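A.B. asks: Residue-level listing of the chains:
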Amino acid sequence: MQRALSLDDTPALSVPLRFMLAAPWFAAAAGVLLLWHGAAALQTRWSPLTVALTHLMTLGFLAMAMAGALLQMLPVVAEFAVPRAATVAGITWLGLVAGTPLLVAAMLTGLPLLFAAAALVLGAALLAFIAAAGLALARRASSATMPMVAGMRLAIAGLCATAAFGLTLAAYFSGVAVVPAPLVTDLHAAWGLLGWVGMLVVAVAFQVIPMFQATATYPRGLAFTLPGGLALLLCGWSVAVARGAPWQGWIAGALALALAAFAAFSLYLLSRRKRTAPDVTTLYWRVSLGSLLACVLLYLWPAAGGDWRALLLGILFIAGFAASAVSGMLYKIVPFLLWYHLAGAGLPRQSVPGVNGWISARDARGQFWCHVAALAALAAAALLPPLARPAGALFAADMAWLGALFLRAALRYRRALAGSGAERA
Amino acid sequence: MDSQDDILLDVRGLLPPEPLERVLEALDQLTPGKRLRMLIDREPLPLYRILERNGYRHRTSMLDGGTVEVEITLAS
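Protein chains in written order, with my numbering: chain A, 1 to 425; chain B, 1 to 76.
Since the hints were made in silico from the structure, they are not lab data.
Incorrect hints may appear among the rest.
Beta-carbon label-pair distances, calculated as ranges [to be verified]:
#1 B:Thr60 - A:Met146: 36 to 46 Å
#2 B:Glu43 - A:Ala98: 23 to 33 Å
#3 A:Lys274 - B:Asp64: 49 to 59 Å
#4 A:Leu298 - B:Glu43: 40 to 50 Å
#5 A:Ala264 - B:Ser61: 34 to 44 Å
#6 B:Asp64 - A:Ala376: 22 to 32 Å
#7 A:Ala98 - B:Asp6: 36 to 46 Å
#8 B:Asp64 - A:Ala264: 17 to 27 Å
#9 A:Pro182 - B:Glu18: 48 to 58 Å
#10 B:Gly55 - A:Ala86: 20 to 30 Å
#11 B:Glu18 - A:Pro348: 12 to 22 Å
Some chain A residues close to chain B (C-beta under 7 Å, calculated; not the full set) [unchecked claim]:
#12 Ala214
#13 Phe336
#14 Ala343
#15 Gly354
#16 Val355
Bear in mind that the values here come from a model prediction, so they are computed numbers and not experimental data.
Heads up, the beta-carbon is just placed ideally off N, CA and C, and yes, glycines get one too.
Bound conformation, chain B alone:
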């Protein structure tokens, strides 16, 4: 379900730690009601702990071809 408020961040093909660098930058643009959709090659386990500690919600789903999608929103 796409929404025009979504921010799409495709970090597939980037080597660690570049995906982490990009997503932390993108979090600055995330406002209440907006959703950040991140596409990445592998599950970003260290990111989950950062998100949980800083008041973000995240949901992970596996897409075709091994891509992992992480949806990030601000916890209300």
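In isolation and in its complexed conformation, chain A is listed as follows:
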């Protein structure tokens, strides 16, 4: 019998794991919705169906996984204890699990009562999370963690702005407030995608790409200035859009170029990594950063226009850039957490699979290539609507596969723990 190890300040396994096990199934539901409705879901970014599908991805998959990852990372990597982590995790998880389908139902039916209910549930979940993460991040950071922590602070501020604009829209659709809905929608989308999702991926990439991919580090100048620069540009753009200023296009262009610089430099670092054999996370980073670069190029391309352009931008950013980065990171985090908690439980070492023993490389590669095929089909479907159904089916399979791999690993953890309990008894 090995002695049980007390494993630093890491939160209980259930705190982050529940988020990571649930997230892929919301993305799979987005695929099923696309399969169900076909081309109608990919006609314009303003259609309720498209907006519902988008929120399954952004709230159900991205916010869910990113909240779980932050609850894990804040105490361990950034050395900030999250106050009442178990309670916050419970409220946030339940709120997202219940609130996301409520919001999707509200969007699909247009019922004011459902919008109000979704706003209450999601508002409570996000408030609990923002307050806890904000309190943890308000503490002084050590210089080693600083560029990442600064970016995380900005990302939480971005989430706060996104939630505020989102709740304003929900109030509008519930019939309790009159607001300029198209403007608030643009602000909500920009802050959600760039200020929250983009900011967090950028901030975390500065730390995890060099550490987990054995690349050179990012220049400190870039790591320190990019998150702040993105935030300033986003604020400037918001003011310009609200005032209808003609220079809004220039600020948007500068934002796009800043993201392109990040993507290009990260791809350059990955191309010169010290290890030659890429793991599934390396592959996911390449697809993620390549999608971001493609998204920016499409945005800056002067001749491109029409509904398909906005849809393709959304597909490249959400499914291509953000979902790929998050999936790749989950492949690192989930097996590590399972191993870490089992290794600390005092089980005989031989009964604890190593970090690489929880998900086989073959399964991970298969799932990765399914994801690439789904992305290609989604991008093609933005231009050729009859492809929407096959794209939806592929994306649902892609994300269900990811969810099933994590679920299987978690069940194995439970069996290992239960087995050891039986032996001890």
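Using the hints provided, position chain B relative to the given structure of chain A.
C.D. replies: Then chain B, alone, in the frame of chain A:
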């Protein structure tokens, strides 16, 4: 100062979290009077907290070429 009771663990070139995995395994072999010498590419900050909480002493020194050496012993 080498001793035949030393356990040498070279995890240079391994990607996180493999070094942590290896050192936790190696701690099982550490008995009173023995010393575990770990060579690693960067300072393993999360490991320090685990060691301190579980009754191990550790001392870190920087070697040439950016290698970090961590000496681990059982606290008496």
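A.B. asks: Taking the hints in turn, state whether each one holds.
C.D. replies: Status of the hints after comparison with the structure:
1. For the hinted restraint 36 to 46 Å between Thr60 of chain B and Met146 of chain A, the CB-CB distance of approximately 21 Å leaves it violated.
2. At roughly 43 Å, the beta carbons of Glu43 of chain B and Ala98 of chain A sit outside the given window of 23 to 33 Å.
3. One distance hint, 49 to 59 Å for the beta-carbon pair Lys274 of chain A and Asp64 of chain B, is violated here, with the actual separation near 19 Å.
4. Hint check: Leu298 of chain A to Glu43 of chain B, Cβ distance near 42 Å, so the stated range 40 to 50 Å holds.
5. For the pair Ala264 of chain A and Ser61 of chain B, the supplied restraint of 34 to 44 Å holds, since their beta-carbon distance comes to about 39 Å.
6. Taking 22 to 32 Å as the suggested C-beta distance range, the pair Asp64 of chain B and Ala376 of chain A does not conform, at roughly 49 Å.
7. A beta carbon spacing of about 56 Å between Ala98 of chain A and Asp6 of chain B contradicts the range 36 to 46 Å that was offered as a hint.
8. Separated by about 34 Å at the C-beta atoms, Asp64 of chain B and Ala264 of chain A break the suggested range of 17 to 27 Å.
9. About 51 Å separates the C-beta atoms of Pro182 of chain A and Glu18 of chain B, a value consistent with the hinted range of 48 to 58 Å.
10. Between Gly55 of chain B and Ala86 of chain A the Cβ separation comes to about 27 Å, which falls inside the hinted range of 20 to 30 Å.
11. Hint check: Glu18 of chain B to Pro348 of chain A, Cβ distance near 20 Å, so the stated range 12 to 22 Å holds.
12. Interface hint status for Ala214 of chain A: upheld, as the beta-carbon distance to the closest one in chain B is roughly 6 Å, under 7 Å.
13. Interface hint status for Phe336 of chain A: upheld, as the beta-carbon distance to the closest one in chain B is roughly 5 Å, under 7 Å.
14. This hint holds: Ala343 of chain A has a C-beta 6 Å from the nearest C-beta of chain B, less than the 7 Å allowed.
15. The beta carbon of Gly354 of chain A is positioned within 7 Å of a beta carbon in chain B (closest approach about 6 Å), and the interface hint is therefore held.
16. At a threshold of 7 Å, the smallest CB-CB gap from Val355 of chain A to chain B is about 5 Å, leaving the interface hint in force.
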